[in-house]
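A.B. asks: The sequence shown: position 97 = 129 (this note's numbering), numbered continuously.
Some hints here could point you the wrong way.
If you anchor each label on the Cβ, the simulated ranges turn out as follows [to be verified]:
id	residue 1	residue 2	range
1	L144	G99	20 to 30 Å
2	Q161	S103	36 to 46 Å
3	A114	S155	20 to 30 Å
4	A34	E59	31 to 41 Å
The calculated DMTMM-like cross-link candidates involving lysine to aspartate or glutamate, where the alpha carbons are at most 20 Å apart (straight line), are [claimed, not checked]:
id	residue 1	residue 2
5	K79	E170
6	K79	E59
7	K79	E175
Hint data in this document are derived by calculation from the structure and do not stem from the laboratory. The beta carbon of each residue, even a glycine, is placed where N, CA and C say it ideally should be.
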Amino acid sequence: QAMDERVKEASARGQAERNQLAALMAELQQAVVVCNREGQVLLFNQKARMQFRTLAAGGHGSGRWLGVGRSIFALLDADRVAYALRELEVRLERGASNPSSTFVMTTVGGQLLRVHVGSIAASEDGASQLDGFVLLMENITREYREQAEHDALLNGLTERGRASLANIRTAVLTLQRTDIEEDTRVRLRATIASEVADMQARMTEAAQRANTELVKR
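Given only the sequences and the hints, what does the whole structure look like? Please build it.
C.D. replies: Right, dumping it as structure tokens:
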């Protein structure tokens, strides 16, 4: 009877801790999945459910639905997750405290996921061993696309600006000569004015595009 009471108390404490963890996970803005060492899903939040529902819709696969008891290796890139877990195990063996690993993977539907893998360690014979892990997932497809567009805009502005400056420099150096005709001087001055106007227009356009993207966010 005493043993039964202790089991009930332990079960109640475990359920209370589970409820507290679930409440905390529900407040997080990232998709969170808790797994045991074998990769079996133990707990997840609503963000994770929505994330995998999106993957199932865009990934052309019915096996991507998320549920307690399912294997995370059937839901994500198994090789990438397994590699991250091996990395955590090695770092735990070397005495690291709460090691973690992050990788980026591409889904079947072409989405980019940034996956952060945190370790859940258990102590056995004085040594820490991997007892489970937590996945924090974030869809960075839009972020990556916006960054690529930003880089392309900046590179284009830089290259075209460099060409305009080269033309202006050449025109200025030529204007410093005393042996050129007046019509040449007029043409070079027009070239300088045109290049400056083009640079101003490009910078204005870039600023407007940047402001538009900022408003969208």
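A.B. asks: Take the hints in turn and mark each one as holding or not.
C.D. replies: Verification of the hints:
no. : hint                    : result
1   : L144 x G99: 20 to 30 Å  : holds, 24 Å
2   : Q161 x S103: 36 to 46 Å : violated, 20 Å
3   : A114 x S155: 20 to 30 Å : holds, 23 Å
4   : A34 x E59: 31 to 41 Å   : holds, 38 Å
5   : K79 x E170              : holds, 10 Å
6   : K79 x E59               : holds, 9 Å
7   : K79 x E175              : holds, 18 Å
The earlier numbered hint that this structure contradicts is number 2, and it is the only one.
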